[in-house]
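Visitor: With the sequences and hints as input, model every part of the structure.
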Amino acid sequence: MNAVDLEKYLEGIEELPTPNFVVRRIIQLVSDPNTTVKQVQDAISMDPSMSAKVLKLANSAYYALPKKVSKLSEAIMILGFKTVRNLAMSIFTKESYFSQPIPQVDERRLWRHLVLTAMACEVVSEILSYPNKEETFMVGLLHDLGKIVMGMLNPILLRKILEYARKSKVNFYDVEKELPIPHHGEMAAALFKVWGLSEITIESARNHHTPHRVEDENSRDIVYIVHVGNVIANIVDGGHDFNFSIVDIDLRVWETLNLTPRAFKTMIESVKNKQHLIEEFDTV
Amino acid sequence: MEKPRTSTSSLNRVISSFLREMVAVESLEDSYEGFVRILKSILDFNWYLIVLENEGGYKVVHHFNAPDFEELESYVFWVAERKSVSFFTLENEELLVLIPFIFRGRVLAVMIVGANQGEIDVELEDTIKIFALIAANTLANLILADQLKERNAIIEESRRFLNLLLDSFSDQIAVYDVERDIVYMNEAFKKAERSEDLETEIAGVVEESALRKESITKEYEASDGRFYSIETIPLRLEGEERILLIVSDITGTKELERIKKIDRMKTEFVANVSHEIRTPLAAIKAYTETLLYSFEDLDSETLQEFLDTILKQSEHLESIVEELLDFSRIESGTLKVEKEKTDIVSLTREVLNKLQAFAEKNGVRIEFESEEDQCHVEIDPRQFRKVINNLVSNAIKYSDKKKSDRWVKISVYPRDSEVEIIVADNGIGIPEHVGDRIFQRYYRVDSKLTYEVSGTGLGLTITKEIVEAHGGQIWYESVEKVGTTFHVVIPR
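Chains as they are written, first to last, in the working numbering: chain L, 1 to 284; chain U, 1 to 492.
Rather than coming from a laboratory, the hints here were simulated on the basis of the structure. Don't take every hint at face value.
Simulated coverage check for chain L against chain U, where a stretch passes if three residues somewhere in it have a Cβ under 8 Å from a Cβ of chain U [as the list claims (entries may be wrong)]:
no. : stretch
1   : 36 to 42
2   : 57 to 66
3   : 125 to 133
4   : 263 to 272
Glycine included, every Cβ here is placed at the ideal spot set by N, Cα and C.
Guide: Right, dumping it as structure tokens:
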């Protein structure tokens, strides 16, 4: 792909759906320490459909609250600011990127993979005592969005890669990296830049297959966790992310995170136990 | 999305109060009060409750003014599943804050407080999350410390038991490190008095075992007259090379072995002596019977010959009995030496004259030389005669039949303070392995020879005893098939 094509590609990215005002406002509010519950509640309330969906998710089996929640303020307090932001983000992503069918591509399966990876990232964070597990949930949820972006911008290319990967029994990324085009991680990174998401989110999307390329200390842990989350999601419920071979864990990630076979097994078992809750995110 | 802003002031507050509070904490119980004080610095609350995970359930370990745990139980189980800090508004407008302490994915404890606060912000949520994280780590370390203490107590107990066991052994047990320093010794090793040469021997065995990385078992007779078994085993303990040493006093076992051997030798001796006595006795009996029944038929020449034989055999018998008596005196320690001024040159000549016939019969030439014609020494002539007699008759008895020229040379060398008598022969010699055992009671070199050569096996034992009773020394040099030289030195 030459420079002109690449530019055209990026132009295309700018035309894809971006988070609306309400979602952007929530993201901004949650990153400010002084934001109160009331402010977030006011922001969500501006979008009645979003309000309903947030409440529905909060009352879903995934969170299994000890009592039913009917007010947004309660949902925010119980689940926490960042979780509510994640819900808003999930709702936006599902509505904007997974509602239009892409020919010959089962985008619903990719959505399952994204939700499972997000859950896996939370489990990995808990077991590694990583403090920002809500952050890893969001990054996990968005990490493979580049595949959908490719499908929206160049469905033929996506299909070709898929066919080749299926036939040769290799992974999606194995095919991509041989081609002279930006891979799905880079596409997602370009998209998130347009959205104005944090550098950590952009890095995680770009390097979840190549964690060793991350040099920034701040993003390293979270990229590594997303890498592990993706591997675990593939072990528990593989194939939804257009991979046709085993997804390997990077040795450096294993060593840096001080993973042990026992801890890794615990992670896989915890994610398996949550697997049935994926559908709760389909309803939004 | 903007870069998340962390509120450094409240974070700092949490971390610095943690440092302050936790320095003094030594046990799990101490920590709860600390957690409460730290949380007070970021949140205003009326009551609190801390529950600890306990076999799938939770038990209250610390509380103040709190409602019954049953009322809060469902919240606790929920937050343990959710694994995240949560806030609930209660009906009385109170804010219920649920703080799970999670370490490596496991909920160790849950802290529940009832706060006055109506409104919460992102900063408060973040700060409490950080608090929960540090608290969980602290708690995990304290639980680990408690478990370690328990485990140490168990280890200490089994160590005591093992020590008790090792100390009850009479064997001396020690462990050496690579520097050959002793890192462990049992009670027997501590108490034992080891002679210097035993210590040296042990050090040598330990060194050798360490260098060769092999077990060594060795028996050692120490200068204190006791026998020891020294056993070393190379070990790897705590990743370091060690040598285990076991020293056992096996004198009892050795003594038993010795007694058994003597017993065996005594039995052989009795059989041997009986045979020795029977031979002359049978001769005497036969000749006497012939004399009794055929006295008239014998001419005077034959008679003379018969009586000579009877006398000779009687003398032989007498010498055997004499030897046995001497031996029993030695055994009972009543061997008496009555010294008188004696010319050892003429005493030797006298003995040699008597042995001349025996020598001729065996084809052995006797040579005698003395630097002086006379040499007076304070000795017991009766006993000392036996010394010369034994040495020379042994030389004749064990002459080498394969040699055409057979000889025994006796030399007397008088010196200022002593006299040396040398008895040299070109006989069959004494095998090297025999050594000083030749002087041992009952000892005879080769059982095959015992049939060919007569003797009680006491001769050299008696000889040695007599020489030593005179304050002298006896030793020999020998080469098999070449000959033997005995030296006797007695003070003048």
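Visitor: Does the structure break any of the earlier hints, and which numbers would those be?
Guide: none
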